[in-house]
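S.K.: Model the full structure from these sequences, guided by the hints.
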Amino acid sequence: EAQVTQNPRYLITVTGKKLTVTCSQNMNHEYMSWYRQDPGLGLRQIYYSMNVEVTDKGDVPEGYKVSRKEKRNFPLILESPSPNQTSLYFCASSIARGSPDTQYFGPGTRLTVL
Amino acid sequence: AQTVTQSQPEMSVQEAETVTLSCTYDTSESDYYLFWYKQPPSRQMILVIRQEAYKQQNATENRFSVNFQKAAKSFSLKISDSQLGDAAMYFCAYTGWGTSGSRLTFGEGTQLTVNP
Chain A
1 EAQVTQNPRY LITVTGKKLT VTCSQNMNHE YMSWYRQDPG LGLRQIYYSM
51 NVEVTDKGDV PEGYKVSRKE KRNFPLILES PSPNQTSLYF CASSIARGSP
101 DTQYFGPGTR LTVL
Chain B
1001 AQTVTQSQPE MSVQEAETVT LSCTYDTSES DYYLFWYKQP PSRQMILVIR
1051 QEAYKQQNAT ENRFSVNFQK AAKSFSLKIS DSQLGDAAMY FCAYTGWGTS
1101 GSRLTFGEGT QLTVNP
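Chains as they are written, first to last, in the working numbering: chain A, 1 to 114; chain B, 1001 to 1116.
If you are wondering where the hints come from, they were derived from the structure by calculation, not from laboratory data. Some hints here could point you the wrong way.
Computed footprint of chain A on chain B, listed as stretches where at least three residues anywhere in the stretch have a Cβ under 8 Å from a Cβ of chain A [claimed, not checked]:
(1) 1044–1052
(2) 1060–1073
(3) 1106–1115
A short, non-exhaustive set of chain B residues, derived as facing chain A with CB atoms under 7 Å [what the hints assert, rightly or not]:
(4) Q1014
(5) G1096
(6) W1097
(7) R1103
Some chain A residues well away from chain B (every beta-carbon gap over 12 Å; in silico) [unchecked claim]:
(8) R9
(9) E53
(10) K69
(11) T86
For glycine and all other residues, C-beta sits at the position ideal for the given N, C-alpha and C.
M.R.: Printed below as a string of structure tokens:
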């Protein structure tokens, strides 16, 4: 089954404790992206990757890191989480190849930073 | 920068009736896609329908159809024969192919309630 998976689905942590949210897709997509969803703001892009070893900032990158060492994986790293990073996080992927296309979303990760 | 605006934070409809959700966008790109995503209480983002800007014909998926007005930069979603399972948050989204690749820009969302 073609899908985007994320882990964990729910996470409660404390300020300053490093964490990683994993994202994996099995569709051989080139483009992968992280979004955060906050009430009244819709979804905003954090980081994106157009291919292996190619990453760049989105609209709200402060406090986050990413890496793309393999085509299928795109982990989101919070090295020192703060309460304002409490949010619902989505990973998404698309074929890309130089043109806009449909993005497919993972199930979301609900993060609470105390 | 592209922007997407949904001016209706909440909408309600009676079961079996028709409802239209509004969306406007702003862009200077010529090649882009528009989407409606549905987010039920499970929080999963589900693609409802997509429209390629170069296509003049409005997209349709079963009970869901769009009214795409390219010159007016308007992209509304019509849900016919509304069902209880249609109750959800609906997001309008835009993607082009600028310097940031295939970024999705979302509207603020419209919460749809379906009354039995």
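S.K.: Hint by hint, where does the structure go against what was stated? Just the numbers, ascending.
M.R.: As far as the earlier hints go, 2, 4 and 8 are violated by this structure, in ascending order.
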